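*Asks:* One line per chain: the protein sequences are A and B, in this order.
Using the numbering used here, the first residue of the first sequence is number 1, and each one after it goes up by one.
Using the numbering used here, the first residue of the second sequence is number 1, and each one after it goes up by one.
These aren't lab readings, by the way, just hints derived from the structure by calculation.
Please note that the accuracy of each hint is not assured.
As a list, the in silico SDA-like pairs of lysine to any residue whose alpha-carbon atoms are at most 20 Å apart [claimed, not checked]:
| # | chain 1 | residue 1 | chain 2 | residue 2 |
| --- | --- | --- | --- | --- |
| 1 | A | Lys98 | B | Glu83 |
| 2 | B | Lys11 | B | Glu83 |
| 3 | A | Lys98 | B | Arg52 |
What follows is a list of derived Cβ distance ranges for each label pair [unchecked claim]:
| # | chain 1 | residue 1 | chain 2 | residue 2 | range |
| --- | --- | --- | --- | --- | --- |
| 4 | B | Asn51 | A | Glu2 | 23 to 29 Å |
| 5 | A | Ser7 | B | Pro54 | 34 to 40 Å |
| 6 | A | Ser73 | B | Thr7 | 35 to 41 Å |
| 7 | A | Lys67 | B | Val12 | 45 to 51 Å |
| 8 | A | Gln110 | B | Lys62 | 26 to 32 Å |
| 9 | B | Thr38 | A | Ser17 | 29 to 35 Å |
Which chain A residues stay away from chain B? Per the calculated CB distances, all over 10 Å, these [claimed, not checked]:
| # | residue |
| --- | --- |
| 10 | Gly15 |
| 11 | Leu45 |
| 12 | Asp54 |
| 13 | Asp58 |
| 14 | His71 |
| 15 | Gln110 |
| 16 | Pro111 |
Note that the structure is a prediction, hence the values are computed from the model and not measured.
Using N, Cα and C, we set each Cβ at its ideal position, and we do this for glycine too.
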Amino acid sequence: GEDVEQSLFLSVREGDSSVINCTYTDSSSTYLYWYKQEPGAGLQLLTYIFSNMDMKQDQRLTVLLNKKDKHLSLRIADTQTGDSAIYFCADNGGATNKLIFGTGTLLAVQP
Amino acid sequence: DARVTQTPRHKVTEMGQEVTMRCQPILGHNTVFWYRQTMMQGLELLAYFRNRAPLDDSGMPKDRFSAEMPDATLATLKIQPSEPRDSAVYFCASEGNQETQYFGPGTRLLVL
Chain A
1 GEDVEQSLFL SVREGDSSVI NCTYTDSSST YLYWYKQEPG AGLQLLTYIF
51 SNMDMKQDQR LTVLLNKKDK HLSLRIADTQ TGDSAIYFCA DNGGATNKLI
101 FGTGTLLAVQ P
Chain B
1 DARVTQTPRH KVTEMGQEVT MRCQPILGHN TVFWYRQTMM QGLELLAYFR
51 NRAPLDDSGM PKDRFSAEMP DATLATLKIQ PSEPRDSAVY FCASEGNQET
101 QYFGPGTRLL VL
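Extracted from the complex, chain B is given alone in its bound form (with noise of 0.2 Å):
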């Protein structure tokens, strides 16, 4: 049963630390994404790659996000310096046919 991995599944770090996050997606997918998740902004966009060149980055605080994709099995976001307004729910998705796009258990990240 293939499915998005994401790691770690929680985070809780202090502000100023950097952070990263791992995300596997499903075999063979060419596009990927990644999401934020909060209560106030609901689902937002940060940056996606296909064939693992970003192709829009622009919904990513540059000055502290960074998002890349080493190689096709590995996603990685990373926040450095994390800020406790950085406190969400992150999701990666990986993208099928017909568009569909199959997301991950996301990581839940807290910043103090």
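Same shape as in the complex, but just chain A (with noise of 0.2 Å):
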């Protein structure tokens, strides 16, 4: 069956760049997420590309696509403390409706 995955985890200094990486198996996935889950709140939907894209940039966030290894990294820029969280990558299953979660990267951001 479909699979996403992550590595568990991410630690950085303050003001470096983090890479968030993730791979996946469904070559039919349309779009792929990055989604944010800080301690006791729900996930919080940070970005998206469409899967005929290779980057999109928002902010100090880099997603880049590769289709054809079916990989998708995050990138942020001059990470923060409060960048500190669980990122989800996942992708949207091809016409199922249903998406596909990582088991989550925790980035930890030392001061």
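Build the complex from these two chains, which are given one at a time in their own frames, with help from the hints.
*Replies:* In structure tokens, the structure reads:
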């Protein structure tokens, strides 16, 4: 079945760039998403990319998509302590309307 | 600022009791999802509805869980009887454009 994988943990220093990586298996995905979850809160949609794009930039966030390798990444420039959270990537699994979520990457930002 | 709302935010109950969780999707969103999140299993899709009709509830234990949408502004998830293994955070999400899902704040359930 469809699968989305992420590394579990990333630690960076405040001011550095963070890069969170994700791989997926479903080649029919039309959209891929990044969500952020802060402690005790729900998942917040950060950004998404259409599958025929290879890059999308939104302020400090840059999403890169390598469709051939089924690899998605989220780069956060000038990472702040407020960026500490769990980041989930997801794909929309083709025609099912169900999002397939990765296990989440815990980003820890050290002051 | 349109948001998905969920009630209650926290619930502590005893094993065997009925639990009802409620969700108000964003106005105009026709697809509503229920998820459960635990440390061990991560985020699991329990069920989802489109235009109030259930499309897929294969992720839900049928013997004790039920999900309904009595109207377009209310989705409910019921557990009867509840068990300690049901302790989790339950999220509702509604779907906007580009199949983006907007999540509520969750109901944190503890079954003793």
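*Asks:* If a hint holds in the structure, say so; if it doesn't, say that too.
*Replies:* Results for each hint:
Only pairs whose Cα atoms come within 20 Å are accepted, and A:Lys98 paired with B:Glu83 is rejected, the gap being roughly 27 Å. Restraint check: the Cα-Cα separation between B:Lys11 and B:Glu83 comes to about 13 Å, which is no more than 20 Å; the hinted pair holds. Proximity of A:Lys98 to B:Arg52 is assessed by CA-CA distance (about 16 Å); at most 20 Å being required, the pair is judged to hold. Between B:Asn51 and A:Glu2 the CB atoms are about 25 Å apart, so this pair conforms to the stated range of 23 to 29 Å.
A:Ser7 and B:Pro54 have their C-beta atoms about 35 Å apart, which keeps the hinted 34 to 40 Å range intact. Against the hinted window of 35 to 41 Å, the Cβ-Cβ separation of A:Ser73 and B:Thr7 comes to about 37 Å, which satisfies the hint. Take A:Lys67 and B:Val12: their Cβ atoms lie about 46 Å apart, and the range 45 to 51 Å holds. About 46 Å separates the C-beta atoms of A:Gln110 and B:Lys62, a value inconsistent with the hinted range of 26 to 32 Å.
At about 32 Å, the CB distance of B:Thr38 to A:Ser17 agrees with the hint of 29 to 35 Å. The non-interface label for A:Gly15 is consistent with chain B: the shortest C-beta to C-beta separation is roughly 29 Å, beyond 10 Å. Non-interface status of A:Leu45 relative to chain B is broken: a Cβ of that chain comes within 10 Å, the nearest being about 6 Å off. Here A:Asp54 stays apart from chain B, with its beta-carbon at least about 17 Å from theirs, past the 10 Å limit.
With a cut of 10 Å on Cβ distances, A:Asp58 stays outside the contact zone with chain B, its closest approach being about 14 Å. Every CB of chain B lies more than 10 Å from the CB of A:His71, the least distance being 21 Å, so the non-interface label holds. With a least CB separation of 24 Å from chain B, A:Gln110 remains clear of the 10 Å interface cut-off, as annotated. Remark: the non-interface label on A:Pro111 is consistent with the geometry, its nearest Cβ contact in chain B lying 26 Å away (cut-off 10 Å).
Of the numbered hints listed earlier, those contradicted by the structure are 1, 8 and 11.
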